[in-house]
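Participant: As a plain string of letters, each chain reads:
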Amino acid sequence: MLIEVFGPGCMKCQTMEKHAKEAVEKSGGEHQVVKISDYAAMASRGILSTPALALDGRLKFQGRVASSDEILALLQG
Amino acid sequence: MSDGHARPSIFRRGGWLLLALPLWVFLYAVIQGVSEWLAFHLLGLTPKSHLGDAVAFLAYDTPKVLLLLTLVVFIVTFIQTFVSPNKVREALSKRRPGLGNALASVFGIVTPFCSCSAVPLFIGFLRAGVPLGVTFSFLVAAPMINEVALGMLFAMFGWKIAAIYAGTGVAIAFTSGLILGQLRMERHLESWVQDALNAPSLGELEDEKVTLPVRIDLAVQGVMEIVGKVWPYILAGIAVGAFIHGYVPAIFMASLLGNNHWYSVPVAVLIGVPLYSNAAGVMPIVEALLSKGAALGSTLAFMMAVIGLSLPETIILRKVMRQPLIATFIGVVALGILLVGYLFNAIL
Numbered sequence: 000m001l002i003e004v005f006g007p008g009c010m011k012c013q014t015m016e017k018h019a020k021e022a023v024e025k026s027g028g029e030h031q032v033v034k035i036s037d038y039a040a041m042a043s044r045g046i047l048s049t050p051a052l053a054l055d056g057r058l059k060f061q062g063r064v065a066s067s068d069e070i071l072a073l074l075q076g
Numbered sequence: 000m001s002d003g004h005a006r007p008s009i010f011r012r013g014g015w016l017l018l019a020l021p022l023w024v025f026l027y028a029v030i031q032g033v034s035e036w037l038a039f040h041l042l043g044l045t046p047k048s049h050l051g052d053a054v055a056f057l058a059y060d061t062p063k064v065l066l067l068l069t070l071v072v073f074i075v076t077f078i079q080t081f082v083s084p085n086k087v088r089e090a091l092s093k094r095r096p097g098l099g100n101a102l103a104s105v106f107g108i109v110t111p112f113c114s115c116s117a118v119p120l121f122i123g124f125l126r127a128g129v130p131l132g133v134t135f136s137f138l139v140a141a142p143m144i145n146e147v148a149l150g151m152l153f154a155m156f157g158w159k160i161a162a163i164y165a166g167t168g169v170a171i172a173f174t175s176g177l178i179l180g181q182l183r184m185e186r187h188l189e190s191w192v193q194d195a196l197n198a199p200s201l202g203e204l205e206d207e208k209v210t211l212p213v214r215i216d217l218a219v220q221g222v223m224e225i226v227g228k229v230w231p232y233i234l235a236g237i238a239v240g241a242f243i244h245g246y247v248p249a250i251f252m253a254s255l256l257g258n259n260h261w262y263s264v265p266v267a268v269l270i271g272v273p274l275y276s277n278a279a280g281v282m283p284i285v286e287a288l289l290s291k292g293a294a295l296g297s298t299l300a301f302m303m304a305v306i307g308l309s310l311p312e313t314i315i316l317r318k319v320m321r322q323p324l325i326a327t328f329i330g331v332v333a334l335g336i337l338l339v340g341y342l343f344n345a346i347l
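Chain order of the listed sequences is A and B. The opening residue of the first sequence carries number 0 in numbering that gives the first Met the number 0; numbering runs sequentially from there. The opening residue of the second sequence carries number 0 in numbering that gives the first Met the number 0; numbering runs sequentially from there.
Possibly wrong hints are sitting among the right ones.
Said to hold, decoys possible - Cross-link-like lysine to any residue pairs, in silico, SDA-like; alpha carbons within 25 Å at most:
{"id": "1", "chain 1": "A", "residue 1": "Lys59", "chain 2": "B", "residue 2": "Pro231"}
{"id": "2", "chain 1": "B", "residue 1": "Lys208", "chain 2": "A", "residue 2": "His30"}
{"id": "3", "chain 1": "B", "residue 1": "Lys86", "chain 2": "A", "residue 2": "Ala39"}
{"id": "4", "chain 1": "A", "residue 1": "Lys17", "chain 2": "B", "residue 2": "Gly221"}
{"id": "5", "chain 1": "A", "residue 1": "Lys11", "chain 2": "B", "residue 2": "Pro231"}
{"id": "6", "chain 1": "A", "residue 1": "Lys11", "chain 2": "B", "residue 2": "Ala249"}
{"id": "7", "chain 1": "A", "residue 1": "Lys59", "chain 2": "B", "residue 2": "Val82"}
{"id": "8", "chain 1": "A", "residue 1": "Lys34", "chain 2": "B", "residue 2": "Leu316"}
{"id": "9", "chain 1": "B", "residue 1": "Lys318", "chain 2": "A", "residue 2": "Cys9"}
{"id": "10", "chain 1": "A", "residue 1": "Lys11", "chain 2": "B", "residue 2": "Gly32"}
The hints are simulated quantities; they were obtained by calculation from the structure and are not laboratory data.
Looking at chain B on its own, in the form it has when it is part of the complex (with noise of 0.2 Å):
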């Protein structure tokens, strides 16, 4: 069906994608220059003054992460439309626990996820045969290493942190599928699950075609969706960054989420859970942070906290899963994040 998409495509409807390019160039190089300008000159405020420095940050910032995340996630949703999550669950079905954890884990970083199709999604590997343990490492992988979360962290940090970000993760998601595949948990998944998998199967749907201009329209598609629904989260960030930048002293943040002490990255985890936020928002906070003088295991581990271990996606795995299985899930996921906190705390 050629015109199966007929919707007014914004790709087709004009070329303004190919404007789009330069004018992101042309903003993201006067973008510092403006800030400074307006806190410096326009607001006459003090440079290296306190509210000097938070209103640069506030005036850099917003821009910026704005900027930044349009092109990530661009980027990231045009990537995804090559990855569904039926290919995704075809190369893992009968996978041994190992290789099947490892694929899991990496493939987790790149499928679409939303938290809403946590539940089809656990229960369609599993009556594809995809064992437990492998289901799980794909359940820890996909909110934990966010693929946005990543992208925004290469375009801010550079590769090594996003390198760091991502390898941890992995490591986190195949050892703690791992683990659950060893402790034979399958008993611990709702009665109704258990039917659910052995219910006799009413036929597969297939995937649909997907072309290049549908494609690049669902990215864009994807960027007005995510930069529009995520922006408030954004601010909120870049308000607590500039705060942080402004007000808190190096030293305090040093005592804090320094080095030099057990309980940090422990106090990172504990701040991160409770703070519902998305990839994006916490970008501004890790960016503070880093430049006040946090060490990067504590942040790192905060930021895994605030995106991996979401509350929304734990109350809708409780609907599969009995209390030992998501206490289990929940206590390896949150160890596997203090490890590597302590990890990078102790040889950085």
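In isolation and in its complexed conformation, chain A is listed as follows (with noise of 0.2 Å):
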């Protein structure tokens, strides 16, 4: 699965990357994680509050930190 982490790169979205490589990692599966910290393609996706993470497209989180278990719950799910 692709995982796209939104952010410019304040503490908290680092931090919510490195929840989401902690995922893929204990998932042991095959998924992508891209970062995508350039404004205007964070506008053109209609992101409004960062950090946020979409997952195959869909965003699943926004404007706060998930914790790697619940990034890990929906790779499983």
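Two chains, two frames, some hints: make the complex.
Facilitator: Next comes the structure, spelled out in structure tokens:
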């Protein structure tokens, strides 16, 4: 699955990316984590608050840091 | 997806949240007595002496502010789980100036907002057809009327001061957004922003569904995150407050920040702007200022300058706005704060 992490590079956004990578590691599956920090790209995807995380093009979290377990649950669901 | 939130939930892990409230009430009830005992018996300081007053303020205010902050952040974060920027944007798009500005100013109070989100939010609003002036009302209200500050003011000084803070904040946000909208400053947006506004959409993403246990969980998380992050500011604020309380003469305070001199309000704003603190850290200072005879208008201006005109947010917004626009933005907000200060110094 494709995990996109949106965030300009603030502390919370880095934590979110780290959690996403941890979740992928725990799941043992083939998932790709992409960090998007370009404002224009975020804007064109309709992201309003950061950090945000999308899974295969669907917004799952916005405006808060999700734990790696939460992201893992999504990968396994 | 029912197990979308499989994080080991604090709420579900134990029922200690139910114990937390009585514990909170108990602690809140005993801290005054304990602090006085500590300052005047254990340390043997004389009541009404400079050092005694400063230490008693320190020992009482530290747990008091932390306890109040915990409760306020819990309630505020819980309420915020019901308000997403998506919903606010929907409510504001295609609104006329006027009503739009009023709604944006009020939504600005409750919408969860962090300065690192300012840029995506700004562009996202404009893309959805929220007018520039309405977007500005939101951007002024969101940091200036800080929801935690509002809760803390209510808890520490009562509903009147909280209402004055919220009311004047909304008035400033409403008016400055209306003015900025009339000035037709769209051309002063950075060119990449104008490109981003016209870029074809790759498809909007949907909001997540949130259940009650998750809301409570998020509120607990918010408490740990915010209280964990702001306690150094609170300690710094309490130290400054204790110094003012014990050592700064009331006569000096009245002459500097009282309501008899024209310069009190600008002085308050000038002291406030470079002080980078957050809503909770500034409360003990506000408390000490008021108790030492600073006028309400000056104190309000000081507080709004500290919280509302923050340097980090300005730097971030500079990425989307060219110099003339950002200068107008800061100018209009600063003017609003000055007016509020003069108004309340004059009528109270």
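Participant: Could you run down the list of hints and mark each one as holding or not?
Facilitator: Okay, the hints, checked on the actual structure:
1. A:Lys59 <-> B:Pro231: 33 Å, violated
2. B:Lys208 <-> A:His30: Between Lys208 of chain B and His30 of chain A the Cα gap is close to 24 Å, so the pair holds against 25 Å.
3. B:Lys86 <-> A:Ala39: Holds, because 21 Å separates the two Cα atoms, which is no more than 25 Å.
4. A:Lys17 <-> B:Gly221: This hinted pair holds, its Cα atoms lying about 20 Å apart.
5. A:Lys11 <-> B:Pro231: Roughly 19 Å between the alpha carbons, so the hint for Lys11 of chain A and Pro231 of chain B holds.
6. A:Lys11 <-> B:Ala249: 43 Å, violated
7. A:Lys59 <-> B:Val82: Between Lys59 of chain A and Val82 of chain B the Cα gap is close to 16 Å, so the pair holds against 25 Å.
8. A:Lys34 <-> B:Leu316: 22 Å, holds
9. B:Lys318 <-> A:Cys9: Roughly 15 Å separates the two Cα atoms, so the pair holds.
10. A:Lys11 <-> B:Gly32: 40 Å, violated
Hints 1, 6 and 10 from the list above are not met by this structure, while the remaining hints are.
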